[in-house]
Every structure is written in structure tokens, then in C-alpha cells.
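**Student:** The primary structure of each chain is shown beneath.
4 protein chains.
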Amino acid sequence: MLETLKQRVYDANMQLPKLGLVTFTWGNVSAIDRQQGLFVIKPSGVAYEQLRPQDMVVVNLQGQVVEGDLNPSSDTPTHAYLYRHFLTIGAITHTHSPWAVAFAAAEMDIPAVSTTQADTFYGDIPCAPALNEQQINTAYELNTGKVIVDEFNKRQLDPDAVPAVLVSQHGPFTWGESAEKSVYNAKVLEVSAEIAYHSLQLTHRNSHLPQYLLDKHYYRKHGQHAYYGQHSAEVKGHAAHA
Amino acid sequence: MLETLKQRVYDANMQLPKLGLVTFTWGNVSAIDRQQGLFVIKPSGVAYEQLRPQDMVVVNLQGQVVEGDLNPSSDTPTHAYLYRHFLTIGAITHTHSPWAVAFAAAEMDIPAVSTTQADTFYGDIPCAPALNEQQINTAYELNTGKVIVDEFNKRQLDPDAVPAVLVSQHGPFTWGESAEKSVYNAKVLEVSAEIAYHSLQLTHRNSHLPQYLLDKHYYRKHGQHAYYGQHSAEVKGHAAHA
Amino acid sequence: MLETLKQRVYDANMQLPKLGLVTFTWGNVSAIDRQQGLFVIKPSGVAYEQLRPQDMVVVNLQGQVVEGDLNPSSDTPTHAYLYRHFLTIGAITHTHSPWAVAFAAAEMDIPAVSTTQADTFYGDIPCAPALNEQQINTAYELNTGKVIVDEFNKRQLDPDAVPAVLVSQHGPFTWGESAEKSVYNAKVLEVSAEIAYHSLQLTHRNSHLPQYLLDKHYYRKHGQHAYYGQHSAEVKGHAAHA
Amino acid sequence: MLETLKQRVYDANMQLPKLGLVTFTWGNVSAIDRQQGLFVIKPSGVAYEQLRPQDMVVVNLQGQVVEGDLNPSSDTPTHAYLYRHFLTIGAITHTHSPWAVAFAAAEMDIPAVSTTQADTFYGDIPCAPALNEQQINTAYELNTGKVIVDEFNKRQLDPDAVPAVLVSQHGPFTWGESAEKSVYNAKVLEVSAEIAYHSLQLTHRNSHLPQYLLDKHYYRKHGQHAYYGQHSAEVKGHAAHA
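Residue numbers (the UniProt record's numbering), protein chains in the order written: chain A, 1 to 242; chain B, 1 to 242; chain C, 1 to 242; chain D, 1 to 242.
In short, the hints are calculated from the structure, not lab data. All values derive from a computational prediction rather than experimental measurement. Beta carbons are placed, not taken as given, at the ideal position from N, Cα and C, and that holds for glycine. Everything hinted at is true.
Chain A regions said to be covered by chain C (calculated; three or more residues, Cβ under 8 Å):
#1 101 to 115
#2 183 to 196
#3 199 to 206
#4 222 to 230
For reference, chain A alone in the conformation it holds in the complex (with noise of 0.2 Å):
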């Protein structure tokens, strides 16, 4: 069932080790079939070198274990709230990278102080607010994904073009079209976070970019106009993205 998207999920969760983004098992990647409205995810809490192909769960758009032997990761339910809410996106990933993690405990956005962030997310990556007392002692993976919807709603925020946020007091989520493309989208906020507290510490102020700043690098990766990268059949893999 869904085994070429199991691959595609496997590898791309092996990515968050490679690219530094995961310590010990904290961190998931999933993506969606939307014709068959089921979604592929990492089990829960079996470290990367043990981990199979064959060991990705399917779960249904409610959460629920359609295939696989494994408790699927403990954060399911707001994967599964994502994809109900966000019908664009093909994939979700989420760590606990530390430079990200920290914007996240001092409940704060990451600004997009330079091109680095820009070339990825239109604008700054949003901290959503924390979690009530209510909302974590009822559902609180579920209601973890509400809070970004609703900030993302409240901001009037695209996620296609910030396929991104932070869970205050917690962590980040990133998105994309492809398991792949959420990955690399985990990376880019990371070392965004990186660089904009070091800005920050530099300067003592927010210095976002102009818009029109803004406008160009993004659109010189995305949209009908874009010009980055090649647009052919002959480069593959990684370049289709990069």
C-alpha cells in the first residue's frame, strides 16, 4: 500500500539526520496521497538507524492507522490537521533543530533579515502563539495544529509561500509539495534562524528586508517568473528543487 510514497517518506526522514536537523529520534517527515486522502508518516520514537521503508504507517485525513504494524508518530494528529486545512501542501516535517527551537522558546518570529530566508519564505517564518491550559489538556496534537491554522488565518498568511512556522515553547513545522521539499524547507529555517540571531545580537533591532527586496528573491525561485535553477528535463533529483 502507498509503497513508493513510503520510500519517498523513508528517505526524507534519513535526510533530518544528514542535514543535522534531528538528535536521537525528535524529529518526523510525512506526505500525502490526495487522491486517496492518506498520509504516510514515521512511527513514533524508533531511532533512524533501525528504521525500514517498511516501517512507515498510512493513517486516514482523522488520524487513524489505516496500515502498518508501529504507532505512527506522536504528532499524527496535527499532521492530519495540516493537511485538512492547508490542501495545497504535499508534505510535512518537523524537528526540534536548536536554532529554530530557541526562536520557539522565546516565542519569537524569525524575521527575514536576508536573501538566505527570502530565496525560500516570502517574508517572515511566524511564531504561533502557545498552546492555553485547555488546549493542551484536551487534544493537544490536534490543537497544536489548529493554532498554526488559525495564525496563519489571523495573519493572513500563505502557506505555499511560508511554508513554515513555529510552535511557541516548542518547535518548527515546514512544509512543501513533496516529503523532499519539506526537508529542505527544514534546513533553510534552520540556518534562517541561525543567521538572524546573530543579526539581531549584531544589531539590536529587527532589520527585515524591503518588500521590494522581499518580491525579488522569491520570485526569482518561485512562480511563473522565476529564473533560478534549471527548468529542463535534464537535470534531476535534488536540482529539481534547489
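Mind docking chains B, C and D on chain A? Use the hints.
**Tutor:** This is chains B, C and D only, laid out in the frame that chain A set:
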């Protein structure tokens, strides 16, 4: 004598350089056989690349060598004292990991500012007070254990819920039910210190998690209502503790 | 066509990930054949692990592709402009290395606070001003080259003595007599930025080197009185520039 | 000539990149044969991957080459001066390790804020004052040695007890009884600088260890009452100094 435990303590010690937690020989792991009242500990000052399972030293709860040709870690009396007073712990790890030592040098607790810490530690990681001149000059390593236990008593902390401490001006000790788990806790402590440092620099305030989020994340992974990870016989090794 | 130069540019590009200077595809190196008025540059957005020497693109000084199936780096007009105006340089490197980008985001020069910087750069590494809206919306990459050259002219800097610049809100460009040397300079710039950052945080003042120390270290390695390194035919490769 | 010493100096030099202490060729180790009054030092500006034991240069205490086809390190007169005035030392290491250089650029001592430093250095690591214009323009490298020795005399420091110094605006020199030990001290200095930096940023005060803790940790590892490590013939190699 205790050959299985020696192998496990050896393996756990060898994890320290792999996890980036030690420079040169600055770390040690021990584990106890509670039935026999004996623990196994790394020899003092032996390079990791030269260490062998049979080099591990067997020590009794008074810190006296029972078997082994090499001197045990100079921190042996600290380990012995902790085993005598924290009766539920099965293993202890000591390192000089740099983020943790920075907090110890600053004589500050590592505040629980994110779920990364709360997943493992039920609150702040306490910094025990500096030893005074008499404590240092009489039985330094024993008294190091004493200030740790006294601090836990004074703060009414449960060592199973907060399996770590900083010794002021010195560095971290962590513990757990097994050698592997105490090393795991040493790594979580180091990552938590790194995150807390950057968060403090961003906000210049201690942004502690609220109690209900602390409860949520800690009990997601601990106690009878834990639902993180796999609780079957199918998943082994690292996964068991993660 | 220019096969030897392609190989050298390929080799220099491959040094970028090895030196920890690039994430994903965020960097490029070019080198020029001054006699033919053509330069060789990395194709746009191709992953390093897939790159081959024959993928390098040959471009003329107007930035037009002369040979190659792939799109050249999107930064090609910046490279072309710099080659047209800095007539002594033989190669250019661009990266998004994070310490350098932090200074660029803060719109600060990298101050020459230690001999590590002065050994390679004769003074501060200038941060060229941010492009304005018109500069960005007309010919962004060409105008990036223009603000660099204008800043060097305004400050009366010699591009051979200060072979590097930060573009505000964006990142570093370095250059040199060869592809390899421009990469070397990119690494020195990154280390210099890291050191300057920490020094600034310790002192909260710019602690510039005095002119005589700048002279001493710079001219120990450059010019006819240089006495660092080997000046015989016996030592080859990296040693030649170090 | 001095083939055994050449091999040891070569091995020690090769440790520098392995321990993350050098970028490119920015470091050198020498060691002395006190009976012959000759020391062996790395050649100037040769890449580590090309270095061979037979490339080491033999120099006398006046800094003149006695054997070797290559130029010795440009820092040779500094080494020679230190050997002439610190009569008990057997080897010297110089690096541009970045945490240490940050303190040197800030012209600050590395304060002894934790036992990590006190285990190796009996107190703060002094920052020698910057050379003045005349000192730089006459015999720069010799005068670098002179300001180091003068600072130790002025502060009445014992170079065996504090086997390291920072030269203002430049970087660290360390020494020891053997080439290997001087490299060991260079690594401890770098880690100590990293810890002290973060501790200072957390507290914004110098939190020096009290004298009795300094005594305890230093003399645990040094002198006739040392009890750290193994003092038998059974443990060899790195263990001997750790």
C-alpha cells in the same frame, strides 16, 4: 565479574565521544548492580580509543575497588554517594560538555524554556551550589555528591523526574535506569542548555514553560499514560528509551 | 572549450561544501580567461553531488552563454560586471556562509580585529549599501555588481588588497587571482566574521588593528617583501597560496 | 638528524586539523632537544595534507636553520625566544583557533570560570599586551616572544603552571613538556575560551573560581599529590597526559 554490565558500561562510555559530549578523557559512565551492591565505572584518564570492556573497574558502594587493574575514575566517590542516596537510579554519566559547563560556570539553572527539555526533564535542571573551602579540602568528590543530594532534598526534587544536575563551576551529572539512558540524558541536557542559552540572549528573561505544558510533555513520554514511542516487543535498542 | 579552466572551476566549486561554506546549492565559483574574454561558471541550482566538470558554463563578459547546455548561475551578471571593472581579478566566489550573512544582514563591515583577517584582507571587509527599489527591479544582479564597484571606488579600496565584499541583506562575494584563491578568501572571510562577532560581543566596541599591525601582517604574506610560506618550485598545490 | 623528534613534531602538527584547531595552514608545533640546543618546527605555509615528517625543519636557539630544505614557520623567532626564556618547556604550539582569537582580539584574559580550565591551567590565561609600532617594525616575531615573557615576569606567572598565553590582536601560544602535550593544551585553551565566552554572556561578570577550587583541580592532575589518571606502565599514549 559483572561481564555483561562491563560491556554495557563500556558501550555507554564509547557513546560519549560519538555524541560530541567529551573532549579527550573528560567524561565517565558507571552503572550499578543493585543486588550485589557493586558498580562498574570507567578507569581514570584512559583515552577512549584505547578503552576496552575489560578495563572497566568494579567498585563497591563505599567506592573501594573490588576488581580491576586500573584506577577507577577520580569521580568515583561522587558516583558512590549518588548511588547510596538516589536509590532508584541505575547509572550515572558525568561530562564537561561545553554548553552545560557554561551554565555551571555562571551558577545558573538551565531553565525549562522548551518542550525539548520537558520531554526528558520535569522542569529546570538545578545548579547545585559551589562547594565551600572545607568541603573541597576534605573529601572533594564525596562532598560533590553530597551537595547534589542536599540540593535535591532542599528543592524537594525527585531524581527520577529530574535526572540531572549541574555542579557549580564544574559541570553536569546525569543519571537514569541504565547506562545508555544516563548518556541519553547527558545529550538532552547539552542540547537543552544550548537552546536555553540562545533563548535567554534573545529575550533576556527566563521564559519558563507553564506547568501544564511541562506536565503534558513530560507525561507524554513517562508514566503509565505515556503514549510516545512503541510499547511492544517489536522495537528494540535505542527506540526503547526514545 | 576552456577544458582546463572548467576543471579548475569545478574543483573550486567542490571545495565549497568541503569547507563548510555552502548549504544545498547556495554558492558558485567562476574564473576568467582574460585573453579570450570568457569566463567559466557553475550552472544554476545544480546539486554539488551531481555536478560534473563538463557542466560548467562558458560565458562572455556581457554575461551571454557561449557554450553549455545548462543555465549559468543566476548571479552571472554580477560576476560579469566585477570582471569588467576589477581588471586584475581572475576568479570570483559567492556563498551564503552564515557568519558572513549575519554581518550582511546587520549591514555592518567585518572589522579587522585580528591578524587572522589581516593576513588576507588589508583592513575591514566593506559592506556595500543595500540596493534601492529601482536597482532591484531593473537589473538586479548587474546592479549588485555595480554597488560593489561603486563602494570600492567611493572608499578608494584596491580590490587586490581587499578581495571581498558583503552585499547588504544578501551575502559575501570574494575574488582572487585563481578559482582556488577566491574560495580560500571566502573561507578566511567566514572565519574572520565568526571571530569579529564574538570579539564584538565581548567588548561591544570595534577594536580595529592599528595600521602598523595591519601593514605588518598583510605584507608578511603579500608583495615583494613577503616572507611567509615557501617561494620555491618544490612546494605545490594548496601551499602555493597559503 | 633528530629523526625521532621530527616524527613526533610531525604527528603533533597533524593533530591540529583533527582537533579542529586550524584552518588551512594556520598553526605550527615545534619541540626542542635541550641537550643539543636545537628545535624542530613545521615549515611555513605547507598544507597539512602534503606535510611529511622529513619536511620538518631543524633550527638552533638563535632561530637559524641547521637542516631542512624548506623555510621554517615564520613564527620561528617567537618559538626560539620562548625556548631561551622558558627553560623547562619542551614544545610550543601556535594556532588561530577562533574562540581563543576572539579573546585575543578583545584583548581579554580567558578567565578561569570552571574546572575545565583549572584542570590544565592554574588560573586565568593571560592576554599579553599588543606590540607597539616599533616592536612590530623591528623584529616582529622575536618581539612577540618578548612581550609574552615580559608579561609572565610582570604577573609573576610560572609558565609550567599556566602553559598558555594570548597575544593581543593575534592569537594563542601554548607549550608543554612534549609536542603532544602542547597540542593538548591548545585544545583545552580553545574549549576553555568557548565556555568562558558563553558564561560571560550569561552573567556579564567574570565569575572566577575561588583559589581553593583552583588549587584542588589543578593539583588533582599535577604535582606529587596528583591522583587523576593512571600512574603505571600499563597505560600508554594519550592516557599518559590526560
